[in-house]
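Protein chains in written order, with this note's numbering: chain A, 1 to 130; chain B, 1001 to 1140.
Take these hints with a grain of salt, some might be off.
Derived pair list, reagent style PhoX-like, types lysine-lysine, alpha-carbon separation capped at 25 Å [what the hints assert, rightly or not]: (1) B:K1008 to A:K121; (2) B:K1071 to B:K1057; (3) A:K2 to B:K1054; (4) A:K2 to B:K1007; (5) B:K1007 to B:K1054; (6) A:K2 to A:K121; (7) A:K2 to A:K69; (8) B:K1083 to B:K1053; (9) A:K121 to B:K1088; (10) B:K1088 to B:K1054; (11) B:K1071 to B:K1116; (12) B:K1114 to B:K1057; (13) B:K1054 to B:K1008; (14) A:K25 to A:K121; (15) B:K1083 to A:K121.
In short, the hints are calculated from the structure, not lab data.
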Amino acid sequence: MKFGILVNEGPYQHQSSDSAYQFTKAALEKGHEIFRVFFYHDGVNNASRLMVPPQDDRNIVNRWTELGKKYNLDLVVCIAAAQRRGMLDENEAKRQGKDANNIAEGFHISGLGQLIEAGIKSERLVVFGD
Amino acid sequence: MEDEVIKKFLYVNRKAPYGTIYALESLEVVLIGAAFDQDVTLAFIDDGVYQLKKDQKTSVDSGAGMKNFSKTYLALGDYDVNKIYVDKASLDERGLTADDLMELVYEDEDDDYKEKSSISIVNQDELAELMEQQDVVLSF
């Protein structure tokens, strides 16, 4: 089965951020394909490389990066949702005249069209939200 | 975008327009999605019915001090988004009727471009059936 994944909630704030990761990992381990993981609403915050959770807790951004590297995942952060929440990659930071960027390795910023395409190209689009 | 697959997309809107950003960002997906020539339907249930309420007042003086984006719904007909279903029970529970909603219309190109209402008020069995028919359900 080819899945698309939509992550609508922020890290540590909401279970759906964890559930999305667990589902994606389990699907991959069972041999399914993940067409794309799309981060929207507060879900974009899952891609912040500046998060510093307590050491005895899970590191949400690092585990996405690791999973992405292992399975060559397409981890896409919505540009419109990211910009209003202060999530910028190097190019966007430069373009917007900001002095920092915070998108973690393995993620990239793109438009909402990538979400629609995930709906079209996947056999199932699974939404993790409130 | 010239994908040959046409899928049935349903956007389920369940949240009030201004308490959270879900409604605004859902509408942004609908507008972008319209460019992909898919079969699009919108459903409004629970507090989501407030998104279509007419005469929204959102300035600091009279409301939450946020941008009033309700007029964007009026443009949906021009984007060929003209299947809009509103849950009757959700309206009833909130003391609302169809008359409290904005008049969302589209021009029917198969009927001499006659202006028609995009809104259908439906019961929960009809909504369930509608959801059953979809390929992709996006819930906000």
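Comparing the hints with the structure gives:
no. : hint               : in the structure
1   : B:K1008 to A:K121  : 13 Å, holds
2   : B:K1071 to B:K1057 : 12 Å, holds
3   : A:K2 to B:K1054    : 41 Å, violated
4   : A:K2 to B:K1007    : 15 Å, holds
5   : B:K1007 to B:K1054 : 31 Å, violated
6   : A:K2 to A:K121     : 8 Å, holds
7   : A:K2 to A:K69      : 19 Å, holds
8   : B:K1083 to B:K1053 : 17 Å, holds
9   : A:K121 to B:K1088  : 34 Å, violated
10  : B:K1088 to B:K1054 : 17 Å, holds
11  : B:K1071 to B:K1116 : 18 Å, holds
12  : B:K1114 to B:K1057 : 31 Å, violated
13  : B:K1054 to B:K1008 : 28 Å, violated
14  : A:K25 to A:K121    : 20 Å, holds
15  : B:K1083 to A:K121  : 23 Å, holds
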